[in-house]
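Undergrad: Each chain, written out:
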Amino acid sequence: MYAALWRILPGPVWVRLLLVLLLLAVVLYSLATWVFPWVNTIVDNQEVTVGAP
Amino acid sequence: MTEPATSAVPAQRGRRSKRGPKPRVRRRVSVFGVLGELFITGGVLVFLFLAWQLWWNDAVMAASQSRAAESISRSWTEDVAPDPAPAPAEEGYGDPIVATAPGNADAFAVLYVPRFGADYHRTIAEGVGTNVLNSPDSGIGHYPGTQMPGEVGNFAIASHRSANGGGMHVINELQLGDAIYVQTADGYYTYRFRDFEYVPPSAVEAIAPVPHDLEATAVDRLITLTTCNPLYSTAERIIAYGVFESWQPTSAGAPAELAAMMPAA
Numbered sequence: 000m001y002a003a004l005w006r007i008l009p010g011p012v013w014v015r016l017l018l019v020l021l022l023l024a025v026v027l028y029s030l031a032t033w034v035f036p037w038v039n040t041i042v043d044n045q046e047v048t049v050g051a052p
Numbered sequence: 000m001t002e003p004a005t006s007a008v009p010a011q012r013g014r015r016s017k018r019g020p021k022p023r024v025r026r027r028v029s030v031f032g033v034l035g036e037l038f039i040t041g042g043v044l045v046f047l048f049l050a051w052q053l054w055w056n057d058a059v060m061a062a063s064q065s066r067a068a069e070s071i072s073r074s075w076t077e078d079v080a081p082d083p084a085p086a087p088a089e090e091g092y093g094d095p096i097v098a099t100a101p102g103n104a105d106a107f108a109v110l111y112v113p114r115f116g117a118d119y120h121r122t123i124a125e126g127v128g129t130n131v132l133n134s135p136d137s138g139i140g141h142y143p144g145t146q147m148p149g150e151v152g153n154f155a156i157a158s159h160r161s162a163n164g165g166g167m168h169v170i171n172e173l174q175l176g177d178a179i180y181v182q183t184a185d186g187y188y189t190y191r192f193r194d195f196e197y198v199p200p201s202a203v204e205a206i207a208p209v210p211h212d213l214e215a216t217a218v219d220r221l222i223t224l225t226t227c228n229p230l231y232s233t234a235e236r237i238i239a240y241g242v243f244e245s246w247q248p249t250s251a252g253a254p255a256e257l258a259a260m261m262p263a264a
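Residue numbers (numbering that gives the first Met the number 0), protein chains in the order written: chain A, 0 to 52; chain B, 0 to 264.
Derived from the structure by calculation, the hints contain no laboratory data.
No residue lacks a Cβ here, since even glycine has one placed at the ideal position from N, Cα and C.
Please note that the accuracy of each hint is not assured.
[As the list claims (entries may be wrong)] Rough simulated footprint, nothing fancy, chain A against chain B, three-plus residues with beta-carbon under 8 angstroms: (1) 62-76; (2) 157-164.
[Said to hold, decoys possible] Covered stretches of chain A (chain B as the covering partner; in silico rule of three or more C-beta atoms under 8 angstroms from a C-beta of chain B): (3) 0-7; (4) 13-26.
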């Protein structure tokens, strides 16, 4: 899967490396901005109250 | 890695001059290989989420909640002229003003706990739902139906121990007699930390007007902080009780220790 991605990317090694890092940055940014906040609202692992809320 | 010589011609010794397709053994894409990579990716995502929740978002929320508390605190003090003749400290200011409980998610107080840090301040809003506890503007919720600051009975509040700003992250470090200040539009209420309790999550009697005695009539003014315990777990609740010591109206200014840690007007 990731090997295929590496093959698909064009250019010499340093260009591919740059592209991979860029892709990684985009993925991390979207996770932190959209995905994780959404998961945070559905995964309630943070109960802090006593009794029925 | 040395490449095997593909040609006997000496002029093609330079690596860069080789343009032809290299005889490379390409590993076939297998179902298990892809599946394995997906699993690894999933595992990494879980850890990334935890890191985001416990550190990154926690820090972002803490900063945001702190700023919100600063601004609401300032809004209460900036319009009030200092009382030209403050009451002598020994006499006090009589019974504290008790406000009526606001609507859900409305902010009505700011909590200051010197033990939690010199710059610790958080807004207390009505309700203990996620709209308050996970809010970037609040972080601390007041149990509906429990008493208000300064009222005889129990002013009970809840907050996260970790993540979402972690308003009570270091609650276990409170020591006997530590100040717990609550500022409202009316004034400043000083409580002193008394003791801890570790209870199951169902222990609603901890926030009763007289904790653990539902029949008794309240005579003391208490503050009760509840959050989860142990750290990073929700198996139990840690309860911190404080006893009301004094109050002073906004016009009299904040108590000395609190004034030092309040955001500059």
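Undergrad: Going through the numbered hints above, which ones does this structure break? Give me the numbers in ascending order.
TA: 1, 4
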